[in-house]
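Asks: Modelling step: build the complete structure from the supplied sequences, incorporating the hints.
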Amino acid sequence: MLDEFIDFVSEIFPCISPDVKYKAKDAVLQFEKEGHQLKFLMMTPLKKLSQGDIISNVPFARFSKDGTQKYFIADAIILSTSCHIDNKKYITLAPIFNLDTFDGDKEQLKKNKIYDYIYLPNGYMIDKYVNLEIMTTYDKLLIEKGINSKKLKRITSLSQLGYYFFIVKLTVFLMRKEDEDTLEERSI
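In terms of this note's numbering, the sequence shown is residues 274 to 461.
Take the hints with a grain of salt, since some may be wrong.
Said to hold, decoys possible - Derived lysine to aspartate or glutamate pairs resembling DMTMM-like cross-links, with alpha carbons at most 20 Å apart:
| hint | residue 1 | residue 2 |
| --- | --- | --- |
| 1 | Lys386 | Glu406 |
| 2 | Lys386 | Asp373 |
| 3 | Lys321 | Asp412 |
| 4 | Lys423 | Asp412 |
| 5 | Lys386 | Asp400 |
| 6 | Lys312 | Asp400 |
| 7 | Lys383 | Asp359 |
FYI, nobody ran anything at the bench for these hints, they're computed from the structure.
Replies: Below, the structure written as structure tokens:
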């Protein structure tokens with residue numbers, strides 16, 4: 274999964290040198306060859322609320338085609354950077370859904386080849402995925418009060434590998450190069 278993702282990222286960002294790409298792939302393959310399992314999640318959450326933390330039972334809202342507001346509750350991953358969490362008033366989150374609710378090519382999802390979603394193949398996330406299309410923002414104090422009162426629970430945090438993988442996926446989703454027509458129109 275990870276070596277295919279490296280190929281995918283190098284296709285999206287052609288500025289990544291082939292040398293860097295092959296070194297990353299070789300490192301992943303060597304790690305797997307030695308029988309190690311890639312760990313994207315930690316056994317317990319970090320001490321402080323951090324980017325990539327997974328929180329339970331977060332209310333989300335979105336609007337349907339007719340403008341009706343719909344609500345749902347889902348586990349969520351924190352998108353805001355840890356520095357932002359420490360110094361700002363708001364936290365941005367994205368919902369986590371069960372794989373069986375995904376209406377699309379699950380194999381492409383599991384290979385992380387779909388821009389809008391993140392699949393982390395171990396632990397709590399083995400049968401779940403993050404939907405980056407739906408984001409919401411909460412006052413940080415509301416999230417902290419929810420955790421302290423046990424209405425919300427910090428389930429886990431990203432490991433170092435998980436964190437790097439997560440920020441690459443966010444970058445691919447939010448900042449990949451625009452299509453040629455749009456770029457050309459912008460230059461006029």
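Asks: Measure nothing beyond the straight line between the CA atoms of Lys312 and Asp400; if it is 20 Å or shorter, mark the hint as holding.
Replies: Distance of about 15 Å is within 20 Å: holds.
Asks: With a cut-off of 20 Å on the C-alpha distance, tell me whether Lys386 and Asp373 pass.
Replies: 18 Å, holds
Asks: Straight-line Cα separation of Lys423 and Asp412 no greater than 20 Å?
Replies: Satisfied, since the Cα-Cα distance of roughly 17 Å is no more than 20 Å.
Asks: Please verify whether Lys321 and Asp412 have alpha carbons no more than 20 Å apart.
Replies: 16 Å, holds
Asks: Straight-line Cα separation of Lys383 and Asp359 no greater than 20 Å?
Replies: 32 Å, violated
Asks: Quickly compare the C-alpha distance for Lys386 and Glu406 to 20 Å and report which way the hint goes.
Replies: Distance of about 15 Å is within 20 Å: holds.
Asks: Below or equal to 20 Å on CA atoms is what counts here, so check Lys386 against Asp400.
Replies: 17 Å, holds
Of the numbered hints stated above, the single one contradicted by the structure is hint 7.
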